[in-house]
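Trainee: Chains as they are written, first to last, in my numbering: chain A, 1 to 417; chain B, 1 to 140.
What the hints contain is simulated information worked out from the structure, not anything from laboratory work.
Be a bit skeptical, because a hint or two may be false.
As the list claims (entries may be wrong) - In the DSS-like style, the derived pairs of lysine-lysine whose C-alpha atoms are separated by at most 27 Å in a straight line are: (1) B:125 - A:391; (2) B:58 - A:404; (3) A:404 - B:6; (4) B:58 - A:411; (5) B:6 - A:292; (6) B:96 - A:411; (7) A:391 - B:124; (8) B:22 - B:46; (9) A:411 - B:124; (10) B:125 - A:411.
Claimed, not checked - Residues from chain A that keep clear of chain B, each with C-beta distances beyond 10 Å, as calculated: (11) 70; (12) 249; (13) 278; (14) 325.
Virtual Cβ for every residue (Gly too), placed ideally from N, Cα, C.
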Amino acid sequence: MATVTSQVEVPAGVTLPIYMDNHATSPLDPRVLEAMMPFFTNKFGNAASRNHSFGWEAEQAVETAREQIAKLIGASAKEIIFTSGATESDNLAIKGIAEMYRERGNHIITQVTEHKAVLDTCKRLEKYGYRVTYLPVKADGLIDLDDLKRAIDDKTILVTIMAANNEIGVIQPVREIGKICHEKGVIFHTDAVQIIGKAPFNVIQDNVDVASLSGHKIYGPKGVGALYVRRRNPRVQIAAQIDGGGHERGMRSGTLNVPGIVGMGKACEIAMQEMDTEAAYLRGLRDRLKEKLESALDYVHVNGSWEHRLPGNLNMSFVYVEGESLLMGINDVAVSSGSACTSATLEPSYVLKALGLGDDVAHSSIRFGLGRFNTQAEVDYVAAKVIDIVKKLRELSPLYEMVKEGIDLTKIEWQAH
Amino acid sequence: MAYSDKVVDHYNNPRNVGTLDKSSQEVGTGLVGAPECGDVMRLQIKVNPETQVIEEAKFKTFGCGSAIASSSLATEWIKGRTVEDAMAIKNTDIVKELALPPVKIHCSVLAEDAIRAAIGDWKKKNGVAENAPAAVESAK
Numbered sequence: 001m002a003t004v005t006s007q008v009e010v011p012a013g014v015t016l017p018i019y020m021d022n023h024a025t026s027p028l029d030p031r032v033l034e035a036m037m038p039f040f041t042n043k044f045g046n047a048a049s050r051n052h053s054f055g056w057e058a059e060q061a062v063e064t065a066r067e068q069i070a071k072l073i074g075a076s077a078k079e080i081i082f083t084s085g086a087t088e089s090d091n092l093a094i095k096g097i098a099e100m101y102r103e104r105g106n107h108i109i110t111q112v113t114e115h116k117a118v119l120d121t122c123k124r125l126e127k128y129g130y131r132v133t134y135l136p137v138k139a140d141g142l143i144d145l146d147d148l149k150r151a152i153d154d155k156t157i158l159v160t161i162m163a164a165n166n167e168i169g170v171i172q173p174v175r176e177i178g179k180i181c182h183e184k185g186v187i188f189h190t191d192a193v194q195i196i197g198k199a200p201f202n203v204i205q206d207n208v209d210v211a212s213l214s215g216h217k218i219y220g221p222k223g224v225g226a227l228y229v230r231r232r233n234p235r236v237q238i239a240a241q242i243d244g245g246g247h248e249r250g251m252r253s254g255t256l257n258v259p260g261i262v263g264m265g266k267a268c269e270i271a272m273q274e275m276d277t278e279a280a281y282l283r284g285l286r287d288r289l290k291e292k293l294e295s296a297l298d299y300v301h302v303n304g305s306w307e308h309r310l311p312g313n314l315n316m317s318f319v320y321v322e323g324e325s326l327l328m329g330i331n332d333v334a335v336s337s338g339s340a341c342t343s344a345t346l347e348p349s350y351v352l353k354a355l356g357l358g359d360d361v362a363h364s365s366i367r368f369g370l371g372r373f374n375t376q377a378e379v380d381y382v383a384a385k386v387i388d389i390v391k392k393l394r395e396l397s398p399l400y401e402m403v404k405e406g407i408d409l410t411k412i413e414w415q416a417h
Numbered sequence: 001m002a003y004s005d006k007v008v009d010h011y012n013n014p015r016n017v018g019t020l021d022k023s024s025q026e027v028g029t030g031l032v033g034a035p036e037c038g039d040v041m042r043l044q045i046k047v048n049p050e051t052q053v054i055e056e057a058k059f060k061t062f063g064c065g066s067a068i069a070s071s072s073l074a075t076e077w078i079k080g081r082t083v084e085d086a087m088a089i090k091n092t093d094i095v096k097e098l099a100l101p102p103v104k105i106h107c108s109v110l111a112e113d114a115i116r117a118a119i120g121d122w123k124k125k126n127g128v129a130e131n132a133p134a135a136v137e138s139a140k
């Protein structure tokens, strides 16, 4: 009797389950937790309390974090606005700029593989009379700079294009995009959530005007994010989307999440110190995983540019195996799939579809997100396990059998349902 | 998503995986679904020409765990039944048996379709009208 249960041995030093989904979120670094702890207990002051030591202590901690974050991206502390997370940062940037520069124009340019926090924000603005251009991406996931140049017109006020993609890890040519925007006098916002602390990103060198940042993707806490807003050349203005006490220079009211902010600051400080060695380490693990999978299995391929990619990202399709069934077989390993069955909408990944991949290939994709705390032993176990389960599921796959018999699957009249 | 124990059991130990000789007169093949939808089931039956009993049932499925479990269960259920009897299996029976959540109901529908397609193919091969009762009374 066929069986899908895996018999792969767990190597010494590996504890199950293994977390390899670091694009979704990352574990809190113990050093970050240590920095945060006092702010949950005796240092509980409100950073906006100006007349006692509790407030001063909290404010001082917030300003230290602001500097730590600014330093990581080459900004000055005054250019950092704290938010509840990158979704809020994206909303604040796009809606705030759209509102502030409404008289100058109503055209926004973005691209199709953005995070939903950007795409859905743009869609909402379309309802309010803004015009949005969604640039396509090439098969490698990168936008075509000529498309961008052509899309900019005299009504364009904002270009919002992510630095690195959360599914395929592809890094856009941010510096060139920023240069084009500055030549045309258009504000450039980038969702930099996935890139900071992982690959070089500097708002001055990369010509970025506004950038969304998150704490929990860089081994910091959830519920805290930031928005970088350039103060000179050009000075960018943003209309507040949350009104209240006028915190964060009036751009974002609300009592600051002091422990979260302290944690994000510490996470940025660590990232700054360790990024170079960590990137090399992750690249090594990722390449090892890829080589093992590619040498043991046929019909596998990497989705998106290999050259312009985050060091910890491997997005692969195991053709003729459906992603959710593969996840079920490797249930002691936490990864993600672009399969429709794993999404709330029952649609396969729009990012993979944007690369021109067929839905069938998107259904077969797995995203491995390697992070700081993954080990080589874990990679070896994950590779062995994936290989084992893919082989077993292909024994179950009518498509794999048909292809092996030389049948062209595209010639079959499938009954889509 | 949490899977029911029965789905996990069929996924871990799928019953009746395999391929029957498509060209055989006694074999009916049903291929349903589409790769771009994320599930394709192939269900095959081998029918005794005398008794019209399904003596063999094999499947292969590209799809999620629930799709694999639905087709595995389908082969288990139709084996030993007459063709007519097998037609009585409803997707709702599969949903109930595997405790499928609403988002996975289409897996059970596909399994029912696969049974019908396999029987339909066998009927066509053997000159039995699509809607006519296939049972040979005397054989019962």
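Trainee: Would you mind confirming whether the straight-line C-alpha gap from residue 6 of chain B to residue 292 of chain A stays at or under 27 Å?
Mentor: 33 Å, violated
Trainee: Is residue 411 of chain A within 27 Å of residue 124 of chain B, Cα to Cα?
Mentor: Status holds; Cα separation ~23 Å.
Trainee: Residue 22 of chain B and residue 46 of chain B were given as a pair; does the straight-line alpha-carbon distance stay at or below 27 Å?
Mentor: 10 Å, holds
Trainee: Verify that the Cβ of residue 249 of chain A lies farther than 10 Å from every Cβ atom of chain B, and report whether the claim holds or is violated.
Mentor: 44 Å, holds
Trainee: Within 27 Å, alpha carbon to alpha carbon, are residue 125 of chain B and residue 411 of chain A?
Mentor: Cα-Cα ~23 Å, so holds.
Trainee: Beyond 10 Å on every Cβ pair: is that true for residue 278 of chain A relative to chain B?
Mentor: 33 Å, holds
Trainee: Regarding the pair residue 58 of chain B and residue 411 of chain A, is the alpha-carbon distance no greater than 27 Å?
Mentor: 24 Å, holds
Trainee: Can the restraint linking residue 391 of chain A and residue 124 of chain B be considered satisfied, given a maximum Cα separation of 27 Å?
Mentor: 35 Å, violated
Trainee: Regarding the pair residue 96 of chain B and residue 411 of chain A, is the alpha-carbon distance no greater than 27 Å?
Mentor: Violated, at roughly 36 Å.
Trainee: Run the distance test for residue 404 of chain A versus residue 6 of chain B: straight-line Cα separation, threshold 27 Å.
Mentor: 31 Å, violated
Trainee: Going by Cβ atoms, does residue 70 of chain A stay more than 10 Å from chain B at every point?
Mentor: Holds: least Cβ distance 41 Å, greater than 10 Å.
Trainee: Checking one constraint from the list: CA of residue 125 of chain B to CA of residue 391 of chain A, max 27 Å. Satisfied?
Mentor: Not satisfied, since the Cα-Cα distance of roughly 34 Å exceeds 27 Å.
Checked against the numbered hints above, the structure violates hints 1, 3, 5, 6, 7, 14; every other hint is satisfied.
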